[in-house]
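> Spelled out, the chains give:
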Amino acid sequence: MNKRVVITGMGVVSPNGVGIPAFLEALQAGKSGIEFVPLYEELKFSCHVAGRPDFVWEELQGNYISDVTFYGLKGTNIGYGIRAALDAWRDAGLSTDNDEPLWHAGLVFGNSTADTEAMRNVITRVDNKEAKKLGSRVVEQTMNSGVSAYISGRLGLGNRIITNSSACATGSQAILMAYEYIKNGYATTMLTGSCEHVDTYVYGAFDSMRVLSRKFNNEPERASRPMSLTAGGFVPGSGAGAMVLEELETALARGATIYAEVLGGATNNGGQRQGGTMTAANPQGVIRCINDALTSSNVQADQVDLISGHLTATYADKAELNYWATALNRRGDNYPYVNSLKSMIGHCLSAAGSIESVAAVLQLKEQFIHPNINLEDIDPGVTEIAGIEKIPVTTLKKDINIVAKANFGFGDVNACLLFSKYK
Amino acid sequence: MTRQDILDELKKVLAPYTNDKTLLEGVNEQTDLLKDLKINSANLVDIIIDAESKYNIEIDYDAAEKMTTVANCIDVIQERMAQ
Numbered sequence: 016m017n018k019r020v021v022i023t024g025m026g027v028v029s030p031n032g033v034g035i036p037a038f039l040e041a042l043q044a045g046k047s048g049i050e051f052v053p054l055y056e057e058l059k060f061s062c063h064v065a066g067r068p069d070f071v072w073e074e075l076q077g078n079y080i081s082d083v084t085f086y087g088l089k090g091t092n093i094g095y096g097i098r099a100a101l102d103a104w105r106d107a108g109l110s111t112d113n114d115e116p117l118w119h120a121g122l123v124f125g126n127s128t129a130d131t132e133a134m135r136n137v138i139t140r141v142d143n144k145e146a147k148k149l150g151s152r153v154v155e156q157t158m159n160s161g162v163s164a165y166i167s168g169r170l171g172l173g174n175r176i177i178t179n180s181s182a183c184a185t186g187s188q189a190i191l192m193a194y195e196y197i198k199n200g201y202a203t204t205m206l207t208g209s210c211e212h213v214d215t216y217v218y219g220a221f222d223s224m225r226v227l228s229r230k231f232n233n234e235p236e237r238a239s240r241p242m243s244l245t246a247g248g249f250v251p252g253s254g255a256g257a258m259v260l261e262e263l264e265t266a267l268a269r270g271a272t273i274y275a276e277v278l279g280g281a282t283n284n285g286g287q288r289q290g291g292t293m294t295a296a297n298p299q300g301v302i303r304c305i306n307d308a309l310t311s312s313n314v315q316a317d318q319v320d321l322i323s324g325h326l327t328a329t330y331a332d333k334a335e336l337n338y339w340a341t342a343l344n345r346r347g348d349n350y351p352y353v354n355s356l357k358s359m360i361g362h363c364l365s366a367a368g369s370i371e372s373v374a375a376v377l378q379l380k381e382q383f384i385h386p387n388i389n390l391e392d393i394d395p396g397v398t399e400i401a402g403i404e405k406i407p408v409t410t411l412k413k414d415i416n417i418v419a420k421a422n423f424g425f426g427d428v429n430a431c432l433l434f435s436k437y438k
Numbered sequence: 015m016t017r018q019d020i021l022d023e024l025k026k027v028l029a030p031y032t033n034d035k036t037l038l039e040g041v042n043e044q045t046d047l048l049k050d051l052k053i054n055s056a057n058l059v060d061i062i063i064d065a066e067s068k069y070n071i072e073i074d075y076d077a078a079e080k081m082t083t084v085a086n087c088i089d090v091i092q093e094r095m096a097q
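Taken in order, these protein sequences are the chains called Z and L.
With this note's numbering applied, the first sequence corresponds to residues 16 to 438, in that order.
With this note's numbering applied, the second sequence corresponds to residues 15 to 97, in that order.
Some clues are possibly wrong.
The list that follows gives simulated cross-link-like pairs (lysine-lysine, BS3-like), each with its CA atoms no further than 27 Å apart [what the hints assert, rightly or not]:
| no. | chain 1 | residue 1 | chain 2 | residue 2 |
| --- | --- | --- | --- | --- |
| 1 | L | K25 | L | K35 |
| 2 | L | K26 | Z | K147 |
| 3 | Z | K89 | Z | K18 |
| 4 | L | K26 | Z | K148 |
| 5 | L | K52 | Z | K148 |
| 6 | Z | K380 | Z | K412 |
| 7 | Z | K230 | L | K35 |
| 8 | Z | K380 | Z | K18 |
| 9 | Z | K59 | L | K26 |
| 10 | L | K68 | Z | K333 |
| 11 | Z | K89 | L | K25 |
| 12 | L | K52 | L | K68 |
| 13 | Z | K148 | L | K80 |
| 14 | Z | K148 | L | K49 |
| 15 | Z | K333 | Z | K412 |
| 16 | L | K35 | Z | K148 |
| 17 | L | K26 | L | K52 |
| 18 | Z | K198 | Z | K230 |
Source of the hints: derived by calculation from the structure; they are not laboratory data.
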């Protein structure tokens, strides 16, 4: 089997916009979603800023989940995931009220740690010899597959239901898996995406690694600066992205609106060899991943119009641009356009790949390239690799046909997807 | 507290676990929590924990197992409050 796979619905909970219309507007306007968080200063973190969605928790009640499910729901990541997933499902024009399981429809939804604030409640109660008071809702919210369980239960999804977890590559990998299941004929419809809530405990651990931005605490909107000379670490973000993938024939048969096509992709691991470590990518791994994604998609390197980079605002940015240059054999003026959504929303970790994929697809659908914000001091090392006009700082109206979206994560894990305009 | 007092208070404990709030209007001693109020069986644990805290009592596992109808709940709560 070799089915064509298209995107028929999307949803997003992003630091710079909740819901597709608001997010699209934010992308085109180059709107930052990074804000100062007083608590992080109080906790003596070195980074005091974060990308946090403007999320109204109470809106989940009724429209997204039942009153009973809402009562007692504490996991912020789960709330984000439910909202993005159901928005995507409804955007695809699919019913949210199904009496029978939808045996043809499955879910791959990624997540990092389950909510550690919820876990802290467990630890405190147990240590106080009050385990009996934990109640029935704790397990479902501290298990990593909590978000998948809530979404699949709400919609009655009956095909394969999988929670994946691969650090920063989680979201792209989820979409790739969902694509592969449809391509191979296992399901006709897959809801996919990922979520992340960077709570204080996860945040503190990254802060301790000294990989977070700390020099722009007084100017939050300027704090996330991929590819700039003053890039000094990433800004953590939270949120969720989701999309409905459908087999082309199924989508056409029901007259669905098609956003774009998933041409293919690849995921691999650098094996933490050849310079690859727990936290740094093996260059060969990244290059192979990009090349395998091109092969899988039947796309030539010179057909790539836009790279939606991983580009987190660390020393790895230049290395990444170089890997793309090598993999595509394109440099300078011949380099594809490249942008980093992290300049606006920070690094949403497990949600990065899905939110950035939603952005990539919107750029294809609406034919524009969103700006790299905070790039007033571009690193000369960057422009040695990619021509300066290929790294836009304002929104460009452009005919783009193919976007490559990649993420590279802890554990030397890589994932690359190729999206195209649907023709 | 009379049985009616407990029943009135118990309705408030049950409310968050009942999606269809209209079902609560007809609650009487014969009401079965699972069948009549369509409460998820896993939530019985939460109802017991909420009742413990509301009435400042402790409900052991054996007593909790009996709490499937409103009458049984009132029996257990009255008995524990008397101790």
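> Against each hint, give a clear statement of whether it holds in the structure.
To see whether the hints hold, each was checked on the structure:
| no. | hint | result |
| --- | --- | --- |
| 1 | K25(L) to K35(L) | 10 Å, holds |
| 2 | K26(L) to K147(Z) | 22 Å, holds |
| 3 | K89(Z) to K18(Z) | 39 Å, violated |
| 4 | K26(L) to K148(Z) | 19 Å, holds |
| 5 | K52(L) to K148(Z) | 23 Å, holds |
| 6 | K380(Z) to K412(Z) | 12 Å, holds |
| 7 | K230(Z) to K35(L) | 53 Å, violated |
| 8 | K380(Z) to K18(Z) | 21 Å, holds |
| 9 | K59(Z) to K26(L) | 42 Å, violated |
| 10 | K68(L) to K333(Z) | 60 Å, violated |
| 11 | K89(Z) to K25(L) | 24 Å, holds |
| 12 | K52(L) to K68(L) | 22 Å, holds |
| 13 | K148(Z) to K80(L) | 19 Å, holds |
| 14 | K148(Z) to K49(L) | 25 Å, holds |
| 15 | K333(Z) to K412(Z) | 26 Å, holds |
| 16 | K35(L) to K148(Z) | 26 Å, holds |
| 17 | K26(L) to K52(L) | 16 Å, holds |
| 18 | K198(Z) to K230(Z) | 46 Å, violated |
Violated hints for the displayed structure, listed by number in ascending order: 3, 7, 9, 10 and 18.
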